[in-house]
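So the protein lines, in turn, are chains A and B.
FYI, in the working numbering the residues of the first sequence are 1 to 301.
FYI, in the working numbering the residues of the second sequence are 302 to 708.
Fair warning: there could be bad hints in the mix.
To be verified - Derived DSSO-like pairs: lysine-lysine, alpha-carbon spacing no greater than 27 Å straight-line:
1) K430(B) x K118(A)
2) K118(A) x K614(B)
3) K558(B) x K261(A)
4) K126(A) x K558(B)
5) K430(B) x K330(B)
6) K118(A) x K621(B)
7) K479(B) x K261(A)
8) K261(A) x K430(B)
Hints listed in this document are in silico derivations from the structure and should not be mistaken for laboratory results.
Here are the chains, one letter per residue:
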Amino acid sequence: MEQFLQQIASGLANGAIYACVALALVMIYVSTDHINFAQGEMAMFSTYISWQLMTWGLSFWAAFVLAVAISFLMGVLIERLILRPLHNAPVLSIIVVFIGLLAIFNSVAGAIWSYLIKEYPSPFPKSSFGIAGVIGPHQLGVVMVTLIVLGLLFIFFRYTPLGLAMRAAAQNPQMARLVGVRVDWMLALGWGLAASVGAVAGIMVAHIVYLDPNMMAGILLYAFASALVGGISNPAGAVAGGFIVGILENMVAYAGNQIEKATGVYIIGNGEKLTVALIIVIFVLTVKPAGLFGRVVVKRV
Amino acid sequence: MRTNRRGFVGGASALAMMSVAAPAVRAQKKYSDGASDTEIKVGHTGPYSGPASSYGQIGKTLEAYWKGVNDAGGVNGRKIKFLTLDDGYNPAKIVELTRQLVEQEKVLCLFNTLGTANNTAIHKYMNQKKVPQLYVATGASKWGKPKEFPWTMGFQPDYHTEGVIYAKHILANVKDPKIGVLMQNDDYGKDYWDGFKEGLGKDSGKVVKHVTFEVTDPTVDSQVIQLKDSGANVFFNIATPKAAAQAIRKAADIGWKPVQYLNNVSASVGSVMKPAGLDNSQGIITAQYLKDPTDKQWENTDDFKAWVAWMDKWMPGSNKADANHVFGFAVASLMHETLKKCGDELTRENVMRQAANFQKYKLPLLLPGITINTSPSDYYPIQSVQLARFKGETWDLFGDVMSAEGS
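Construct the entire structure; sequences and hints are all you get.
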């Protein structure tokens with residue numbers, strides 16, 4: 001029973017990480033219709049920026065806010081300088097650019113900060129937070145931060161004029177332009193927001209997986225799966241997807257353990273947990289191609 | 302290059318003088334591809350990009366080392382031309398680069414190519430071509446087989462031997478051990494695991510839980526929870542730095558307090574023990590053969606001081622806490638000594654002969670009491686380690702230097 005609770009808690013915490021990165025992926029997808037392969041590396045880069053600010057003497061939260069702001073600018077700049085010229089380029093060219101960005105961010109971070117893994121502090125107090133023996137303070141904190149980010153994004157897109165304008169620009173650029181929305185800038189803002197959400201994800205993850213230029217490599221894969229299972233067009237779905245993948249993965253290992261204990265036969269275990277989790281993802285997508293919570297897009301032909 | 306008359310005349314007369322003065326020396330000079338009167342070509346590949354780029358520092362250290370050697374006049378008057386290429390930790394790429402180094406550049410030997418999978422990829426090729434593949438940067442046990450692969454030699458203590466040593470120590474020191482093992486699911490992990498099982502022998506039933514993880518897993522939390530649940534009181538941690546640090550921290554987070562054994566691959570104070578939390582790392586046991594650069598107890602030893610001075614001169618600005626610089630310096634020193642011993646007979650055969658002819662050679666930066674020993678039937682240069690327990694902020698060496706030499 002103790003193991004069961006611990007596995008669920010650890011799954012939730014991992015799920016929160018996947019959810020954060022998945023959110024960033026969804027942000028760009030919603031505003032530009034692209035999947036940004038460099039999302040993880042951008043988040044990693046932002047995390048290094050916050051780390052650098054902290055080593056220069058800033059407090060955790062000051063560095064956090066500043067890093068998120070810098071990431072926003074970085075996202076806007078990337079869109080304006082690199083993707084704008086490719087506005088009408090085929091999807092494949094854009095994918096190549098994303099992969100290029102991935103490699104560039106990775107090597108630049110390595111060149112500036114070296115590949116040695118670094119410790120990254122947790123802002124959540126050890127004494128008053130978490131449930132002893134089940135979930136650590138930081139893990140609980142990550143789950144909460146993810147939910148807060150989701151809430152803020154929800155309010156932004158639902159109730160603010162800017163958020164509404166961004167949605168309009170993504171869903172129907174021509175109409176949006178006609179009613180006076182500056183569609184170009186909306187795309188850039190979408191990139192900025194995604195980079196900011198990514199920065200939050202990176203900063204939250206770094207304490208758990210440690211800070212190094214490759215810290216996002218494994219996570220991005222899970223984040224893709226999460227975003228797809230929850231519905232790539234729906235931020236709340238992506239978050240739900242993150243938690244589902246995180247828990248599912250641990251449950252596969254747990255179930256395998258129990259079976260082995262009861263029958264002595266090894267059927268599934270740690271080696272297969274990703275495989276089984278992804279099989280379930282594929283199954284979900286075959287039944288519901290738009291994801292569990294995704295909107296089905298109907299196009300008139 | 303332009304030959305002016307004075308240079309030509311000077312050179313010619315020097316040659317004439319030499320042939321008169323020292324005919325014996327000239328007669329002994331023998332060269333394979335890659336060596337001449339003025340130059341020795343040494344090839345290397347390493348991961349300057351890709352997932353293992355932290356090891357790229359080793360290549361940079363080697364390059365700086367040879368620069369230093371050339372600056373001081375080279376080896377027996379010959380400059381080392383060190384050709385290092387980026388293989389991105391990709392076995393397919395290293396094959397192509399190795400062909401380039403061997404067939405186009407015609408290097409005398411390859412030196413310290415990095416990674417178990419990568420060296421495996423060129424293992425057969427190098428032995429077919431009869432080109433030395435020396436002091437490879439991997440601890441797999443397969444590099445010491447002179448009968449099947451006479452042109453390949455390892456450097457560091459192999460994982461298998463290390464696994465045996467931990468198992469023996471557990472059996473001798475832990476009362477009623479119930480062992481939990483966390484293993485990275487690849488060749489490197491399995492090598493340790495096989496050695497460990499061999500060391501346990503008939504007691505292999507004392508392993509109550511053996512869990513694996515993939516390099517791509519973001520965390521090993523789930524695995525550590527399973528280990529705790531198994532009731533294990535000994536924890537053998539076979540993981541690369543990041544996962545190793547995560548496992549140590551997670552064990553403390555969920556209140557699991559076993560006797561911990563950590564593989565040497567991750568025995569770095571700077572990149573494992575500190576990130577895992579010094580409180581959580583107390584009492585962990587590992588095996589060491591090199592001096593940890595973050596360990597204060599070495600600060601006043603001669604070889605360590607020399608290394609610090611060398612770092613300041615040849616690699617200014619790089620992180621001295623990175624153990625890869627120590628590794629690179631030590632392995633390059635051994636290559637340097639090997640080439641020195643070759644004298645004027647710079648053939649591939651002689652390079653291997655000299656590499657397989659070290660007796661109790663004291664290499665800088667090895668722990669006191671550990672020496673280099675090789676022979677035509679022993680292709681494992683370092684086979685001794687000393688156990689160390691983490692205490693405060695450093696490794697506290699204890700017991701004797703343990704050796705699997707000759708076994």
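Hint check results:
1. As the CA atoms of K430(B) and K118(A) are separated by approximately 42 Å, the hinted pair breaks the 27 Å bound.
2. Restraint check for K118(A) and K614(B): satisfied, since their Cα atoms lie roughly 26 Å apart, inside the 27 Å limit.
3. Of the pairs offered as hints, the one joining K558(B) and K261(A) holds, with about 23 Å between alpha carbons and a cut-off of 27 Å not exceeded.
4. Our distance criterion of 27 Å between C-alpha atoms is met by K126(A) and K558(B), whose separation comes to about 19 Å.
5. For the hint linking K430(B) to K330(B), the alpha-carbon distance of about 22 Å falls within 27 Å, and the restraint holds.
6. Among the hinted pairs, K118(A) with K621(B) is consistent with the structure: their alpha-carbon atoms are about 14 Å apart, no more than 27 Å.
7. Distance hint between K479(B) and K261(A) is fulfilled; the C-alpha atoms sit about 16 Å from each other, no more than 27 Å.
8. With a CA separation close to 52 Å, the supplied pair K261(A) and K430(B) exceeds the 27 Å bound.
Checked against the numbered hints given earlier, this structure breaks hints 1, 8; the rest are met.
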